[in-house]
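S.K.: Add chains B and C to chain A, keeping to what the hints say.
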Amino acid sequence: MSDTVYLLEMIGIVAFAISGMIVARSKNMDPVGVFTIGFITALGGGTLRDLIMDNHPVYWIRHEEQPILILAMAIVFSYWNRAGRMRESRIVLPDAIGLGVFSILGAQLALDLGHSWFIASLLGVMTGTFGGALRDTLCNEVPYIFRKDQIYASISFAGCWIYFVCQWYFHNETISLTVGLLFITVVRMLAVRFDIRLQRDSMQP
Amino acid sequence: MSDTVYLLEMIGIVAFAISGMIVARSKNMDPVGVFTIGFITALGGGTLRDLIMDNHPVYWIRHEEQPILILAMAIVFSYWNRAGRMRESRIVLPDAIGLGVFSILGAQLALDLGHSWFIASLLGVMTGTFGGALRDTLCNEVPYIFRKDQIYASISFAGCWIYFVCQWYFHNETISLTVGLLFITVVRMLAVRFDIRLQRDSMQP
Amino acid sequence: MSDTVYLLEMIGIVAFAISGMIVARSKNMDPVGVFTIGFITALGGGTLRDLIMDNHPVYWIRHEEQPILILAMAIVFSYWNRAGRMRESRIVLPDAIGLGVFSILGAQLALDLGHSWFIASLLGVMTGTFGGALRDTLCNEVPYIFRKDQIYASISFAGCWIYFVCQWYFHNETISLTVGLLFITVVRMLAVRFDIRLQRDSMQP
Numbered sequence: 445m446s447d448t449v450y451l452l453e454m455i456g457i458v459a460f461a462i463s464g465m466i467v468a469r470s471k472n473m474d475p476v477g478v479f480t481i482g483f484i485t486a487l488g489g490g491t492l493r494d495l496i497m498d499n500h501p502v503y504w505i506r507h508e509e510q511p512i513l514i515l516a517m518a519i520v521f522s523y524w525n526r527a528g529r530m531r532e533s534r535i536v537l538p539d540a541i542g543l544g545v546f547s548i549l550g551a552q553l554a555l556d557l558g559h560s561w562f563i564a565s566l567l568g569v570m571t572g573t574f575g576g577a578l579r580d581t582l583c584n585e586v587p588y589i590f591r592k593d594q595i596y597a598s599i600s601f602a603g604c605w606i607y608f609v610c611q612w613y614f615h616n617e618t619i620s621l622t623v624g625l626l627f628i629t630v631v632r633m634l635a636v637r638f639d640i641r642l643q644r645d646s647m648q649p
Numbered sequence: 445m446s447d448t449v450y451l452l453e454m455i456g457i458v459a460f461a462i463s464g465m466i467v468a469r470s471k472n473m474d475p476v477g478v479f480t481i482g483f484i485t486a487l488g489g490g491t492l493r494d495l496i497m498d499n500h501p502v503y504w505i506r507h508e509e510q511p512i513l514i515l516a517m518a519i520v521f522s523y524w525n526r527a528g529r530m531r532e533s534r535i536v537l538p539d540a541i542g543l544g545v546f547s548i549l550g551a552q553l554a555l556d557l558g559h560s561w562f563i564a565s566l567l568g569v570m571t572g573t574f575g576g577a578l579r580d581t582l583c584n585e586v587p588y589i590f591r592k593d594q595i596y597a598s599i600s601f602a603g604c605w606i607y608f609v610c611q612w613y614f615h616n617e618t619i620s621l622t623v624g625l626l627f628i629t630v631v632r633m634l635a636v637r638f639d640i641r642l643q644r645d646s647m648q649p
Numbered sequence: 445m446s447d448t449v450y451l452l453e454m455i456g457i458v459a460f461a462i463s464g465m466i467v468a469r470s471k472n473m474d475p476v477g478v479f480t481i482g483f484i485t486a487l488g489g490g491t492l493r494d495l496i497m498d499n500h501p502v503y504w505i506r507h508e509e510q511p512i513l514i515l516a517m518a519i520v521f522s523y524w525n526r527a528g529r530m531r532e533s534r535i536v537l538p539d540a541i542g543l544g545v546f547s548i549l550g551a552q553l554a555l556d557l558g559h560s561w562f563i564a565s566l567l568g569v570m571t572g573t574f575g576g577a578l579r580d581t582l583c584n585e586v587p588y589i590f591r592k593d594q595i596y597a598s599i600s601f602a603g604c605w606i607y608f609v610c611q612w613y614f615h616n617e618t619i620s621l622t623v624g625l626l627f628i629t630v631v632r633m634l635a636v637r638f639d640i641r642l643q644r645d646s647m648q649p
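Residue numbers (this note's numbering), protein chains in the order written: chain A, 445 to 649; chain B, 445 to 649; chain C, 445 to 649.
Simulated from the structure, these hints should not be mistaken for laboratory data. Computed from a prediction, not measured in an experiment: that's the story for all the values here. Possibly wrong hints are sitting among the right ones.
Said to hold, decoys possible - Calculated lysine-lysine pairs in the DSSO-like style (CA-CA distance at most 30 Å, straight line):
#1 A:Lys471 to A:Lys592
#2 C:Lys471 to B:Lys592
#3 C:Lys471 to A:Lys471
#4 A:Lys592 to B:Lys471
Bound conformation, chain A alone:
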């Protein structure tokens, strides 16, 4: 695993862990709940990726410092955030970063293992969305991927293809990974800001 991939993985883990801890605190969970949700959000997508692609040992078992970091974050977060609840809308940015990082890393691993672009893009979307979907399900929210809301999974899918094309054109992993993940994170933030949707309901659910 290259240094770039490792660095991105750490960024994605921190971002998704923060998003999970914010939701857990907004539900007034105790420190163990905050750690658990942070852990599952940060590591769920990558674990699914490694299980489906038979890539053992699962990455956080090989990199012990990653769960230790999440544990430290949960302790700090629980005490720092004791007084007030954080508004849940604050999760949009960390969630967009985590979505970008893990979509691209999932797709990159799949390419490395010799899968086709189409299969790699599906595995990218799964890796990027599964942690957040577990977070929302466990906290009794509808996962973003199923909300009739601003586009989410389709950005992850498009970003994977942008990564493939860059990689095929430039043959430079660092550039391609960066372009792909910036695309996902920025477009997701714009989609939330300008309320971009695939479909508008005339009938409200």
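M.R.: Chains B and C alone, transformed into the frame defined by chain A:
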């Protein structure tokens, strides 16, 4: 993998994908949601089967045409079904076909890998019911396997044993697979038609 | 696998299966539902453990007598418990035993495979809590691990570390396993009895 198995797998995937897309549309999901639910319903059971039996690569990674087919179906379905919502009761037939196909294919793979009839029947039931259970959970329905409703999982279990006995008696895979899956699909349709249950509640929940 | 580990595994399976069947009956499920919930509760945690640690074949596939035992228990339980519903509070003891056994067995397998104490304790907590979390989710209860309630996952975590220290000090697996699991089961029962919590809400949810 024999041609018969491949053909049946495609039938099961199409049937389960249709059942997932009908439920997703009845919840008014956008095209990405329709694809996601169709994909998870069609491929969830088989993925669980391959993970538990350590049968890598997972089948739809090896057979790229299967997720591509589901994608094409989702696009057609989303636009064709734009105007009206489909009644959810329409899913009974595709769900029964998917249940039959995947139960038998799960049991067949387990036999091939040398497991006993009992273990193979459990793996058959898991493979047959897991995709539909994910579909119903993600769409906020109670999964069939937990409804106090017409028999479901027990038909899948019985069908697996009928398949084993046929296979042991005739030594002809095509015949045995067909008998087993027809049993499950037909009995399930009859159970819904004539309201066959294991237990009737005097006290309504 | 040593005899002690096998014996403990059977105790944990029986305890968790009973806890699952009690909840399933209290929801008035039919015999198939009772078996399914009992099966998932008893074998869910260990299956997750074996998948994440790539420990194949999954244990209940290797030990066919375990699912057969659960099937027999479900048949007996469904008919014996036909008349009255069991109060759900009865699950605290079997759940505490299952939590203790599977936490320690998950941690023990991880140590055996050469993982660090920290990783092994995480895998222990996952193995101990996942079956019960599936049971509660499938039966529409909030899983213990997310309830703002008496301590649960933290006891499992502490018990794993007590097991490591015993094992490192005494080099006697039977003693260490017993001390670790007794700690978890007894402390969990005391926590419920004396209402020990990590955090008290001033604001009720």
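S.K.: If a hint holds in the structure, say so; if it does not, say that too.
M.R.: Status of each hint after checking the structure:
A distance of roughly 23 Å separates the Cα atoms of A:Lys471 and A:Lys592; the hinted pair therefore holds under the 30 Å criterion. A C-alpha spacing of about 10 Å is found between C:Lys471 and B:Lys592, which places the hinted pair at or below 30 Å, so the restraint holds. Annotation: proposed proximity of C:Lys471 to A:Lys471 holds, straight-line Cα distance about 26 Å (limit 30 Å). For the proposed pair A:Lys592 and B:Lys471, the alpha carbon gap of about 10 Å is at most 30 Å, so the pair holds.
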